[in-house]
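Here is how the chains run, residue by residue.
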Amino acid sequence: MKKSILIIALLCTVIITAQSKYQTGMQKAFGLWEQGKMTAASQLFERVSKAEPTKWKPAYYAATIEILESFGLKDEAQLKAKLTKAKELLDVAKSNSENNPEIIITQALLNTGYIAFDGQKYGMTLSGKNSQLYAKALAIAPNNPRVILGYAEWNMGSAKFFGKPTQPYCDEVKRAIQLGKEEKIDEEFYPKFMTSRAEEVLKGCEK
Amino acid sequence: MKQLLLFFCIIFQCSIIAQTTISGKVTDKKGNPIFGSNVYLDGTYDGGSTNEKGEFSFETAEKATQTLVISFISFETYIKTADVSALENLQIKLRDDVNSLDAVVINAGMFEAGEKAKVTVLKPLDIVTTASAMGDFVGALQTLPGTATVGEDGRLFVRGGEAEETQIFIDGARVFTPFTPTANNIPTRGRYSPFLFKGISFSTGGYSAEYGQALSSVLLLSTIDEPDQEKTDISFMTIGLQVGNTQKWKNSSFSINTSYINLAPYLAIFKDRNTWNKPYQSLSGEMVFRQQFKDDSMLKLYGAYSYSDFDLLQDNINFDDGFRIGLNNRNLYFNASYKNKFGNNWRYETSASFTNDHTNSKIIKDDLQSNENSLHIKAKLKKRFSSRVRLSFGTEYFNTNYDESYTPINTNKLKYGFNNSILATFIETDIFFSKNLAAKVGIRAENTSLLNEFTFSPRASVSYKSGKNSQFSLAYGQFYQNPKNDYLKFSQDFDSENTSHLIANFQSVKQGQIFRIEAYHKAYNSLVKYTDLQPNFTSNFNNNGDGFAKGFDIFWRQNGKIKNTDYWVSYSFLDTERDYRNYPTAARPSFASKHNLSIVTKHWIADWKSQIGFSYQFASGRNYTNPNEPGFLNNETKNFNNLSFNWAYLIDQQKILYFSVNNILGTKNVFGYDYKNTPNTNGNFDRQAIVPNADSFFFIGFFWTISDDKKSNQLDNL
Chain A
1 MKKSILIIAL
11 LCTVIITAQS
21 KYQTGMQKAF
31 GLWEQGKMTA
41 ASQLFERVSK
51 AEPTKWKPAY
61 YAATIEILES
71 FGLKDEAQLK
81 AKLTKAKELL
91 DVAKSNSENN
101 PEIIITQALL
111 NTGYIAFDGQ
121 KYGMTLSGKN
131 SQLYAKALAI
141 APNNPRVILG
151 YAEWNMGSAK
161 FFGKPTQPYC
171 DEVKRAIQLG
181 KEEKIDEEFY
191 PKFMTSRAEE
201 VLKGCEK
Chain B
1 MKQLLLFFCI
11 IFQCSIIAQT
21 TISGKVTDKK
31 GNPIFGSNVY
41 LDGTYDGGST
51 NEKGEFSFET
61 AEKATQTLVI
71 SFISFETYIK
81 TADVSALENL
91 QIKLRDDVNS
101 LDAVVINAGM
111 FEAGEKAKVT
121 VLKPLDIVTT
131 ASAMGDFVGA
141 LQTLPGTATV
151 GEDGRLFVRG
161 GEAEETQIFI
171 DGARVFTPFT
181 PTANNIPTRG
191 RYSPFLFKGI
201 SFSTGGYSAE
211 YGQALSSVLL
221 LSTIDEPDQE
231 KTDISFMTIG
241 LQVGNTQKWK
251 NSSFSINTSY
261 INLAPYLAIF
271 KDRNTWNKPY
281 QSLSGEMVFR
291 QQFKDDSMLK
301 LYGAYSYSDF
311 DLLQDNINFD
321 DGFRIGLNNR
331 NLYFNASYKN
341 KFGNNWRYET
351 SASFTNDHTN
361 SKIIKDDLQS
371 NENSLHIKAK
381 LKKRFSSRVR
391 LSFGTEYFNT
401 NYDESYTPIN
411 TNKLKYGFNN
421 SILATFIETD
431 IFFSKNLAAK
441 VGIRAENTSL
451 LNEFTFSPRA
461 SVSYKSGKNS
471 QFSLAYGQFY
481 QNPKNDYLKF
491 SQDFDSENTS
501 HLIANFQSVK
511 QGQIFRIEAY
521 HKAYNSLVKY
531 TDLQPNFTSN
541 FNNNGDGFAK
551 GFDIFWRQNG
561 KIKNTDYWVS
571 YSFLDTERDY
581 RNYPTAARPS
591 FASKHNLSIV
601 TKHWIADWKS
611 QIGFSYQFAS
621 GRNYTNPNEP
631 GFLNNETKNF
641 NNLSFNWAYL
651 IDQQKILYFS
661 VNNILGTKNV
671 FGYDYKNTPN
681 TNGNFDRQAI
691 VPNADSFFFI
701 GFFWTISDDK
711 KSNQLDNL
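Sequences listed follow chains A and B, in order. Residues 1 to 207 in the working numbering are what the first sequence lists, from first letter to last. Residues 1 to 718 in the working numbering are what the second sequence lists, from first letter to last.
Any given hint might turn out to be false.
[To be verified] In silico DSS-like pairs for lysine-lysine, Cα to Cα no more than 25 Å straight-line:
#, chain 1, residue 1, chain 2, residue 2
1, A, K74, B, K510
2, B, K550, B, K594
3, B, K341, A, K87
4, B, K231, B, K609
5, A, K37, A, K80
6, B, K468, A, K74
7, B, K29, A, K80
8, A, K192, A, K94
9, A, K87, B, K198
10, B, K380, A, K87
11, A, K80, B, K93
12, B, K80, A, K85
13, B, K341, A, K94
14, B, K561, A, K160
15, A, K74, B, K465
16, A, K85, B, K93
17, B, K382, A, K160
18, B, K30, B, K465
19, B, K231, B, K594
20, B, K362, B, K676
21, B, K563, A, K160
22, A, K28, B, K63
23, A, K85, A, K37
24, A, K136, B, K294
25, B, K198, B, K294
26, A, K129, A, K80
27, A, K94, A, K184
28, B, K294, A, K85
29, A, K203, A, K160
30, B, K655, A, K129
31, A, K80, B, K468
32, B, K561, A, K74
33, B, K294, B, K383
34, A, K94, A, K55
35, A, K80, B, K465
36, A, K136, B, K655
37, A, K160, B, K231
38, B, K231, A, K136
If you are wondering where the hints come from, they were derived from the structure by calculation, not from laboratory data.
Chain B extracted, bound-state conformation:
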């Protein structure tokens, strides 16, 4: 019996001898122990966790070569393949995971919205719940620093740049005609529904080499990959109605949105300063089809069509009977994108967009017709060498065919236009030196057929994380853009216009609060100059213009510190002068204000099931030329003030009643002055203020979502 016992003991003994001890210590780069990291031999049950001192020790019966894996959240996983006997008393330093949320972000000039962003400046709901935005994503972006309030226009004016200097891209493909046409000093709106986008990146300068043909800014919109659920959305508004529907299948989905807007009923009740022969109406539709394949590969087809028309008489000091503008516009936009992964950490993304825009307008008694066909094709490859080094490169092709015909009353038709192709290529690398230091360096080369010109734009940015919550960034870049269509249609003897950006940024982000300050200097070169009042056939054009813009922007957002309240403040200081167009001398252009301030607040009142919001916008005076005094752009308008209010009442989860008033105080804002072409009997020029068509604007809407989810209790309680 004893022998038997001994026998068992020996077996026991043997099994102990057969075990190998795996041990070591895990620390971070600085030698601080990492507590709780998971240490194991891959594919076996043998492993353990590190203790407070970062030490681990476990036994294994495995033999020969094994793979030791050490993983811990926010560090890169450590892998070592060796003979088990060599896995003793290891000293292991884990590398920081540079892709974690607390790693440095290359962000100079960039604002991001959407849940994918590391630092979200705007949240998806902000776009529809910002009082002054009135459901337009561009309106919400105008509350960010670096943008200017140009009340009569509605487009994005960034850091002393004109609206045309901002380019918009959907899923990587260019949008050539993003805004709906309007008459003088009626602000325009973006054509596309904000709910189609899951993420918005708005760069106010220093952006990636991937983007060109934009002197000031790019706005990158990415559409939703997969809608949440099948649903029908119905909206009744004081200005029209909207219907949308989404269908889902296993790997694909289809959404359609249509809207009809007619301002006639509104204008019948609230008359504005114009005489409308035909109030504004528009019919538009959008469709998106998305198909997911294996391995995150995805195809998206997006198509949008819109038709709009109006006819009105605007009061004008130089026209006793008023100034008539009638217009009808149809616009077709198509966008296709496909992305896929292949090989060893390679990705490719291709996209193409096509726009056809046709406008017939009547200006007083003259006819003007314009037709634009534009195409953009792009292919991009990305290679991830490691989590720390990434390379992307690609090529793209743009073509614009623009035709216009002008028929002055009782005269023959004049036809003109241009056809321009741009071929561009870019290459860019992202390098993370550590979790705290990263750089992006790229170059872009472009060839423009019409100008027969080759340009070369280097771009670089670097970011350094200085503390747990703060980081500094620097960016530099050269940017080229062809002269705008308004010039190219009359002359093609141009060079590209050019800017260089230099940006320094500091950002501090804590839970529920963001602070950032950014200083910039932009130098403009080769700006187009011309000789006449308006560019035309007989104008002399040249590229001798130049200018500069410098200043700083501040952004502060806080959420939840004041209970149920979210607010942000943006302030921009801009010092700019340009000598371009037909300017006799360098001056601050009339669209630019020195100071811009936006304050947006939102407050949730649970008892009322309501969110109320205010937004206040301030812009200091803008320049205008008073011909009664010597000089050019010699006077400044009074300051611009606008306080807007909105109230969203949740009738239930799927029904929302929305009410908003723009300029609730009815402040009489002035954008500038028109002077009479001829002096009066005293030798003075009379003037007329350029003012909004109506001081205030009301909006009431009822938004109803019906989801096909029949099991849902959301409607049962009605």
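Bound-form chain A, shown alone:
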């Protein structure tokens, strides 16, 4: 009996601390993402975004997943459909949070999706745009580790294409890792710095 009381009491506290629907939704979506259920996660983020039309994060994460999934696609129709969707979601995010460096670099990542698919067709117009986007993000948030890492990776990509050493960008990646460790995030569900991925990038650059 005591046990059941305890259970009920616990249940009560859960109800009382009243996780908002928003938090539950976001947590569930992150859970799906961790399990590798990308489509389901993206769709849940999208649903949360529709239900919370003033928040930027759900749309931002839904777009991010669509973009990540587009890499490696072989069918242009599918690629375009995915990235067009991602663009719409990013536009929603942008309208709720202007000049947000996280959104700006995700826009650059979206362009990279096109360039990676067909550099000849999209490279000429989009690579200039990307340099602009990173410069803008860097001006807003000079010490944001995600921005620094994204920019370094972008520059490494172009350096590789032009047969130049990628070494000069290692320091930037290292700086990003350091800043990522020091970074304190107070905002709930704010994008985190992926140290493990940055370390992979660092390995690639030191080669």
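Since the structure of chain A is provided, determine the placement of chain B on it from the hints.
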């Protein structure tokens, strides 16, 4: 305590009872289940995804009327508003999204370049990296099927049509004088810089009712909406230099380009067949201002000015001292366009262009002056009734005021010219019956003041997608065009010239490869005929000419199958005859070749940071009249061959060294023959071959881009 537990159980129970189940099955039109579609009640957190069987089921605590939304990529979003209790065991068929990339495209006759296009035949970089194009967008288009190689002219000759039968539009407004003036058999170039355009649509026939006054072809250029970044471009070339700069602000941008071309240094080293009193030079400038407003509305102002002059003596069999042509030309072009959205899925687009072109020329010892002022104003409305039905209609006005004065040596000045206005209106609808079947139907009506004539042109095309990668298209249209300025300035008693096009097209597109074949039949009516050697005041003109052109075009492009190599092949077969101008009988005109072939290859060598390219052009012989034999256009020249080579070396991301040679093998091409007006002592007419001024042409350029992006590392490594 038990009671308490019970109480909680009841609450729990209650909450279960309060839930409503939303369930159903989602399939495509054919009943195949759609896996992974997003199903939710709009504005709530309640929803789920469909499983492998297309089924979904979720619970909601929402009450009363709700909106169920089902969305999945490449299908139209399904929306149903109903009481939650009615949203159970639904059977939902999603409709295909007809705007997705894999839907049918109405494309008979049309080639598109640029990233917005669904099927890109040419990519933006192709225009500057095609060996034979030499940086001219028209040169790159000449490697597409349906165009003919007319080496001494340089303009676009499409499917048996003359160069004047192709009209060029920038942002919807007509360009009246798109080419720089040149002397006989020196090919001309387009006036405008290829980097200003984000998209090029080139139609070789059967085009939309929106475009008129073109018998054969339209070339639609759209300028960039928003430049990528602030930058300065500097180019040093063997033939001159170019400087450009772009500035950006929050919602607006401004670009300026200037160039100065002078052939004197080049001609001093590589002499050609002419005696140049004054080698070709030109100074030109372009400016674009773009302003973006809310809701995609946009204003663009484009202005271009150019001045060019030259004076030369060409070898000519009928003139012992040579044939002198001196010329100076100034050209002003202004173009404004504005587009906006309003109401419920309405858009409007307006554009206006104005051209002033003034040429002074000296031909032997005679003076010729011409002045043209032309205006085009257009307004267009588009309404999207649904993703499947669209309507566009509009009206446009053209005015051309052309004056010429001719002063033969020791004679009085002769003045003549014309003023002509055309008022046109068009309406057209696009209908998607399904993702696989679409049609476009339109009509155009035009009234020409000078000819006092009313014409009516129906246009229609239909496309059917026969497989995942392939589709068939058919197009038909009537096209009218006023007789060219060269005739109108001497007489105005004309009807419009007319063609009808019938086109059948098959296209197959896979990742990295495009194949298309197109057959066409064109019938020409009411072509202008005249009585003299050259049209003049005393000529008798009539509209009794006619002709036909039929044939087929093949295009094949493959990218990446051979590592780092991109290539395309175009072949055109043309069978044409005309009875027009001063022809005594119907014959294949001298500009037309039966067979045209272009092969363009590009190969990227990473170790050299270089792209090398070759392009090969072949055209079978062209007709000419040999007065020593009976008949008209009774002989054919030898075949035309041209192999060009280019090499672009990327010094770094922003510095490019470019080298190209046109006709690397130095093939002696002949475009035709000039015969002496009088026979020699044996009673035969002597002849002189019409040949290029120089067999080969070299070009070396250094292109340097400086972007204002100071954070950029692109230059740090130098």
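Hint check results:
no.	hint	verdict
1	K74/A - K510/B	holds (10 Å)
2	K550/B - K594/B	holds (10 Å)
3	K341/B - K87/A	holds (20 Å)
4	K231/B - K609/B	holds (23 Å)
5	K37/A - K80/A	holds (21 Å)
6	K468/B - K74/A	holds (14 Å)
7	K29/B - K80/A	holds (22 Å)
8	K192/A - K94/A	holds (19 Å)
9	K87/A - K198/B	holds (20 Å)
10	K380/B - K87/A	violated (28 Å)
11	K80/A - K93/B	holds (23 Å)
12	K80/B - K85/A	holds (21 Å)
13	K341/B - K94/A	holds (21 Å)
14	K561/B - K160/A	holds (22 Å)
15	K74/A - K465/B	holds (21 Å)
16	K85/A - K93/B	holds (21 Å)
17	K382/B - K160/A	violated (46 Å)
18	K30/B - K465/B	holds (16 Å)
19	K231/B - K594/B	violated (46 Å)
20	K362/B - K676/B	holds (23 Å)
21	K563/B - K160/A	holds (18 Å)
22	K28/A - K63/B	holds (24 Å)
23	K85/A - K37/A	holds (18 Å)
24	K136/A - K294/B	holds (21 Å)
25	K198/B - K294/B	holds (21 Å)
26	K129/A - K80/A	holds (18 Å)
27	K94/A - K184/A	holds (23 Å)
28	K294/B - K85/A	holds (21 Å)
29	K203/A - K160/A	holds (15 Å)
30	K655/B - K129/A	holds (18 Å)
31	K80/A - K468/B	holds (16 Å)
32	K561/B - K74/A	holds (14 Å)
33	K294/B - K383/B	holds (19 Å)
34	K94/A - K55/A	holds (10 Å)
35	K80/A - K465/B	holds (19 Å)
36	K136/A - K655/B	holds (24 Å)
37	K160/A - K231/B	holds (23 Å)
38	K231/B - K136/A	holds (16 Å)
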